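Engineer: Protein chains in written order, with our numbering: chain A, 29 to 131; chain B, 2 to 132; chain C, 37 to 198; chain D, 912 to 1433; chain E, 120 to 913; chain F, 18 to 151; chain G, 108 to 225.
If you are wondering where the hints come from, they were derived from the structure by calculation, not from laboratory data. A hint or two may mislead.
[What the hints assert, rightly or not] Not close to chain G: a few residues of chain D, all C-beta gaps over 12 angstroms, as computed:
| hint | residue |
| --- | --- |
| 1 | 937 |
| 2 | 944 |
| 3 | 981 |
| 4 | 1089 |
| 5 | 1411 |
[Stated by the list, open to error] Think about it this way: if two alpha-carbon atoms lie no more than 30 angstroms apart in a straight line, the pair counts; the simulated DSSO-like pairs of lysine-lysine are:
| hint | chain 1 | residue 1 | chain 2 | residue 2 |
| --- | --- | --- | --- | --- |
| 6 | C | 80 | C | 170 |
| 7 | B | 91 | D | 943 |
| 8 | D | 943 | B | 86 |
Computed from a predicted structure; not experimentally measured. All residues carry an ideal CB built from backbone N, CA and C; glycine is no exception.
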Amino acid sequence: MAELSGAPAWFASACLIAIVLSLVMTVIRLLRGPTLPDRVVSLDLVAYQAVAFMLVYAVLTGQPAFLDVSLVLALVAFLGTVAFARYIEHLSVAEEEAAPMSD
Amino acid sequence: MPLTLLFSVFLLLRGHNETGGGFIGGLVAGISFALYAIAYGTASSREALRATPQQLMAVGLGIAVLSGVLPLFGGGTLLEGLWVKWGALKVGTPVLFDVGVYLLVIGLALVIVYELEEHNPGLFPQSAASE
Amino acid sequence: MWTAVQGAFTLANFAVGFVLGYLVLRLLRPLLGEASYDRRIWYKVSLVGFFLKELISSSVRVAIEVITPGYRMRAGILAVPLSVRSDLGITLFANLISLTPGTLSLDVSEDREYLYIHAMYIDQGEEEDILHLKRTLERRIILALGAESTETPPVSDAAPAS
Amino acid sequence: MSAHLLIILPLLIPFVAAVAALLFARWPTVQKGINIVSMGGILAASLGLLARITEQGIQVTTIGDWPVPFGIVFVVDYLSVLMLIVSAIIGVAVAVYAVPDVDDARVRFGFYPFFNLLMIGINGAFLTGDLFNLYVWFEVMLISSFVLIVLGNTDEQLAGAVKYVVINLVSSLLFLAGVGLVYGMTGTLNMAELSLALSEVGQPGLVTVVAMLFLISFGIKAALFPLFFWLPASYHTPPASVSAFFAGLLTKVGVYALFRVFTLLFTQDVGYTHTLLLWGAGLTMVTGVLGAAVQNDFRRVLSFHIISQIGYMIMGLALYTPLAILGGVFYIVHHIIVKANLFLVSGVAKRLRGSFSLKSLDGLYAYHPWLAALFIIPAFSLAGFPPLSGFWAKLILTIAGIEAGAYWIVAVAVAVGLFTMFSMTKIWVKAFLPGGGGDLPDAVSSMGLGTRVMYVPIAGLAALTILISVFAGPVYDLAERSADELYNSSQYVEAVLNHEKSAADAGPRPGVDGRAGRVHAR
Amino acid sequence: MAILFAVFSGFLLALVAPWLTQYTGRATGWLYGLLPAAITGTLATLVGRVAAGETLRVSYAWVPGLNVNLSFYVDGLSLFFALLITGIGTLIYVYAGGYLKGHHHLGRFFSYLSMFMAAMVGLVLADNLITFYIFFELTSFASFVLIGFNHDEAPSRRAAWQALLVTKAGGLALLVGFILMQQATGTFQISAILESGDVIRQHSFYLPIVLLVLAGAFTKSAQFPFYFWLPNAMEAPTPVSAYLHSATMVKAGIYVMARFHPVLSGTDLWMWIVGGVGALTMVLSAWLALQYTDMKAILAYTTIMALGLLTMLLGLGTEVAVEACMVFILVHAFYKAALFMVAGAIDHEVHVRDITKLGGLRHRMPVTGVAAGLAALSMAGIPPFFGFVGKELIYEAATHFDPATVAVTTVSVLANVALVASAGLLVIRPFFGELNDVTEHAHRPEAGLWFGPVVLSVFSVGLGLAPWLLDAAFLGPSAGAVLGASIEPHLALWHGFTLELGLSAVTVAAGVGTYLAWTVLRTNAGFQQLERWLGTGLDHGYDHVVDGLLGMGRWQTNVLQSGVLRRYLSTVLVTTIGLVGAAFYHYGFFGGAISVADVRFHEWVLAALSVVGAFGTLFFRSRIALITSLGVSGFSIALLFLAFGAPDLAKTQFLIETLTVILVVLILTAVSDVQGTLTAGQKVTNGAVAVGMGAVVSGLILAVLKLPFENPMGDYYAQNTYVEGEGHNIVNTILVDFRALDTLGEITVLLVAGFGIYALLRTGTAPNPNAENDPPPEDASAPVEQAEQTQQLS
Amino acid sequence: MVAQQVVGIFLMSTGTLFVFVAGLGVLRLPDVYMRLHASTKAGTLGVALNAAGLVVFYPDLGIFTRASALVLFLLLTAPVAAHMIGRASYFAREELGVTVWGGTVVDRMLDHRGKALFSTEAVEETSDSSGAVS
Amino acid sequence: METLLALVTGAMVAISVYLLLQRDLVRKIIGVVILSNGIHLLIFAMGRMTRGASPLIPSGEKYPPEVIANPLSQALILTAIVIGFGLLAFSLVLVYRLHESYQSADADALIEATLGDE
Ligand code: NA
Ligand code: NA
């Protein structure tokens, strides 16, 4: 299917705008924090929003190949969040260094 | 994990025709091994791999170079595309080249994960991030 | 599977995919473990159906909460006594709880007795909410996974926590 | 041997050697052998290329059989081949020297593969005729040098490496930006094509503005004033083998790139660009030599001298007359050999006396007269003492400077020559002559076999310096041909665009606008 | 052939001497002396032909492109000098053999000495400016190693270094002067240049040529204000002082002036500079010679005086002056070499050179004493010695010179008075009087030590009695070459009662007076202060110059090579801004309308977010928070890529961005944050640099975007991806086929990075301050911990 | 064709709505746990619906498989990620300064564990108190 | 759009420069990351931009559609991204190792002995 036109295109464009607006809100949260977990949650959501953006954009421009991109992002975004979670955990572990760990 | 690996091979092979390629495929594969290492420790991940990341990288570069050199034997030039069509199957040196890239990138991803982890085990606190 | 992913199907690509897939799988056999077969398919489907329903309905609730001004929430961190005991069971329960709006699993106690969850709405009171979760979601998981999921694995008493 | 094979061999050999050395990771002896064979092979191939160029002129080949100017091409002119030969000579020398010098731990962690990988980057840079490909080889060279400079992980190495790494990363990105802008102006990356296209842009001023990025980026690589800081901060930290290789070659790849782009691509307003280069050259000479004069560590003195000497080479380019370019090329050839050799000598001194500090080195001359003699040759050559190779290089540049009427740079060059003499004799007086005042013990040194092996490349390079001095005529002729090619860059352009595999000959293809055909029309 | 033998045989001996000397034993000096003797003989065979006006040449192309040849020619002047060099050389070789008998580096000594002699011969015979310069510098080098021969003594090392640097500085000036000469005349060939005097004198380069060539000559020949290095050079073993720093090498500067006299002289400029500097040097050093008690110091200053005299004579440039110059070169060489050897012999036997401590040595060293006496008489210009002939000629030249006749005559007399007094000091003090504690135990020197002085004294007497022997054979051809004309000089001992004779009488009388008043003169406070200014003062001046330059080096190194990476980066960035900005300023800003009307809403947002995300990294205190912001920027860029048709790029960007974030987070777990921040001022500066850099880059892009864009390369790839590359994904086909070489390089980078990380993390796991796992030094004498010396690595 | 587009657009719009809500929720909700709720659920659901919309537009096996893989992967990873962040930020709340919304009425985790979060002693005796709080 | 990208690139370069001039080595490296991103955008703009159309040849076709995004600039950026990542990974690990040795990531603390012992 080729590029959308007419009403569907209008709708899809509106979706795109909504997604980027939501992206903006998320980034505001990311910048405002106030704590690291807030930012990490925001970044995690930014990845979802990026996935959504690509899906809508794929439809809008008639290029389903973009689906692959979103798949890759979904695959790795999780890793980023895991890394942050590890970091946060590390903070509390560092605090409790003396106590033996449960595993 | 097997799924992501499969996906990575898929990315590798499709690269020439659609989006993807050895680099992206290799990274995805590397990531899945890395996940495995994070979840179950580098020792078992190394065991699963059966080759050191360094060997993977060396072999990857070797394959890439080999794919470049192969056409020379037929009087061609370095890195010339050489395709063997076998029925509908098309295998060419560019694909072989991409396979080299794929292996090398896996090796890179893993060497980072393994070495960082083994150098300072605190970096990846072991936990059951169960999948 | 492979060929389905491939999209543009050709015999050649199939062959290559097959060979490579096989090789990759061979290489990775230690990772895969034994495939476990399970006949409680119906329960599984039911679990999925229930879960989707919950997902949608309470997503809407969160959406409304977010969109309308002011907060109507009554949040808290609850301790849910666990009946499921197997790793898979706890994992599944915890993850499904997380995916269900209004609840988010935080941790499992070290003795596997409790799952701690963050709840946005403690509607009918703590006890009722916990019971509701146990009756609906956990019961379905136990049904789907079988009775062994309620037994503590013998090897280790370690909870999936660090 | 086909021209194609001959041209790619300097790249292919180290590739194969690197892979082989990686696969033989557990057999250090095999690696050492592979390395020496690899460097020797590169040298042989490069000499073969020289022979071929002498007969047939500039050699061009396509990589992947794509037509010129669309595919990546390798171009070998006199400048390239001279650089290839000299770097291969240093490669061979260091390969031999490294056998006793580089410790087992460093070998275990890949010294020999890295050595070959560095060579790949260097040779690739010399061979390629594609601007983006040049960027890629620069990066290969850079990362290999990063690794070689930290290999061993001493605190000093790490601290030096950080500065080296950060500044060079910035430099690479500036280069990349330059490549992007040039591509944005012309739509091509083939340097021969660019040579034409950039003059057709119709905005010579803009081209010059963009050229500034190349000047900065390559200036950093070449350690020009005021961009050289990374060099003295790091070059004295790794083993002598590594620092010799770096000292001889790495900055010279930057110089090579400057020579290449500022003769082939950015000659729109020589009055502006090359005047800037000339100022850079003068300031580089002065700051480098003043820096060297106050150093008290063998290798730090030498490091600052690299900088100062780069000034001379760039002076040749900046004056932009055939004779000046000739002098620059002569200077590069002479300098690489001499400078690498001095670092090799410093390594032996360190091995014999346990330090690089001039103070501790005391009295080498008394016990190691041969080392002293082998130091004197490159050191005095560096200082431009006649009739050694450095004298000829400086002579040519001085004449060129006077002919060009650039008297101030001649004055600077001459004064810096004097100060270079000061530094070299400072090393001589402080490290070689006994300064303790008291009698040195009569104990004759117990020189190990390893040290004797290290003398071999040093003697070889010293002999080469003498050969260049004695046969300055033939070397002059080579440099002259190179300068002719660089000054009249249309030779390069025509050789590439008229290559048998050029798109103009290959007939019309979709999307080809036939720009390559223009050369025929001219 | 004779020429080649004369020039290169010395180098051959230099090469083999260190090895050969172990076989020559006691006869080393005599055996090696055969070589200069043979060269002298060979050259002597040419005297007749040269006197007959013939010129002999040899030439080999060296660097044809520069017209540089290795070429030599023999004319009267060069032959005169060459014979002097090899003749005196013969005596010095013999003397050195005795003086350094048993020295464990005797071989090296003769090697250096032979190298010097060969270089000196090469210098005077050179027919090419570059050949000339090469040998000129080689003599400096030989002087360097010979002065520093006793290199375990600090003054010796300093003197060698100083002499080298001073003469090298002059040498470089000379070289530039030579190049200018070549520019003016179009040739490096000396004999051709000598024909082009008018061309040079009228060339705009004439002034720089004269100044530069004279700078070379004055430093080499120790003229004011450069003479300080020569007394210091007396640290050399005495044979060296006698040979290099008196009889020959220092005359190389004189030779330069003489050689190029035909093309450079004849102007007021030449006359005033050369004559003036020569006269000044002569007077100052004549007086300084009387301020010292060390025999070698006195000899050194009288040498400088002689050199000043010779310089002055060349500055005068009249026929008589040039003849006087040539004659006095010989006179001086004979007596000065002899006296040096005598001083050396005394030093060798007594180990003291202070004339106030010596006395009565005629009892212990009678032959030496006689030779010394004869040499001193020649030095004092007493008839019938050769010195008298020279002095008469000098006075003739002075009194017949037109401008400033009185001044020239006065300084000449003053200098000769000092010579008389010095001659007395050098001979009467050590040899006459009674033996004292110091001289009591002096040994009789061996033959080698007195052979040279005796021969030279004989020459001083012989030539004094029969000076006309020199007329046709030497003086005519050499002075003729200097004057660029054919002359027929007539030397004679007796000219009748002339003004010159009167002056001579005055000179001797005043000299004796000065000798008697020596102690008073020497200890006078005012004179001592003067000595501190002009003697050690200039020497200290040299130190100040060197220290000043080193101070500048230190300052500059501290400023530029501050060790602070941040400053290095600022410098790089400011330079970038400066150069690009200046180029923009120079060429205009390529301005024009900027339009962003085509940008759609989501693109605006993505562009903004990529900047905002990046901007966020500046504002977070915590680095980990900053990473999240970085992630936003990276993701936004990826989406921008996607929005403009680059899915592969977006994919890679997502992957890499995520991996970057992960990697940084992992590293941050272990890497502590930096304490302390930048000052407000630094922040403002950094901000300015940042803004400048951003502006420059934006400006560049905007300027380029104004140009029309054709994309032949990209189009070609697109059109041929399927038909030639068997692919559908154009980008991937570019990566693995069209430009696979780039990708090969790219994965090479990855491989190296991987192995580099491996090496970084695997080696030296424990922090090891300063431990480089060094093998111990191999030298047993090395100053580092020897106790731990274990097995060698190899 | 039209029906296909209508369904597709509907799914997309709904999905986008949820994505929007997720963003708004993360911005508006008062503490990190609440924000996690919004991001995890609404985000996942939104993306899933968008993916479904894409499949409706491109009813092709390849697309379907990949879209399913995408959704499946999200469903697998999103809760794990949320769990990890939630848990980590609870444990590290002091180091990070994480505060809980004032309207949070109960914290059983704190009750059970006290401050010694990593104590190896199981807190059995408190187990019977669970559910006894109103 | 290219115009906007020019401004974006400039802003990113400015930000990266400010980070490069921090004392913290990690921040410097992040500066390099942002600088790389900026330069990649520069190349993207230089290759001129086309909305949507990916440089793919549809299945069964021999030539790409009339209007496609410039594949060359994409390929160049791809190569540069990957190279940049290799360098970045190495640099980060280098900083990590340096921190192990010096217990600090403060670049200002790594002042080399500029003049050596005298
Ligand atoms: Na040119
Ligand atoms: Na140098």
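Engineer: Confirm or reject each hint.
Structural biologist: Going through the hints against the structure:
no.: 1; hint: 937; in the structure: 24 angstroms, holds
no.: 2; hint: 944; in the structure: 28 angstroms, holds
no.: 3; hint: 981; in the structure: 10 angstroms, violated
no.: 4; hint: 1089; in the structure: 10 angstroms, violated
no.: 5; hint: 1411; in the structure: 24 angstroms, holds
no.: 6; hint: C:80 <-> C:170; in the structure: 17 angstroms, holds
no.: 7; hint: B:91 <-> D:943; in the structure: 41 angstroms, violated
no.: 8; hint: D:943 <-> B:86; in the structure: 42 angstroms, violated
Of the numbered hints stated above, those contradicted by the structure are hints 3, 4, 7 and 8, listed in ascending order.
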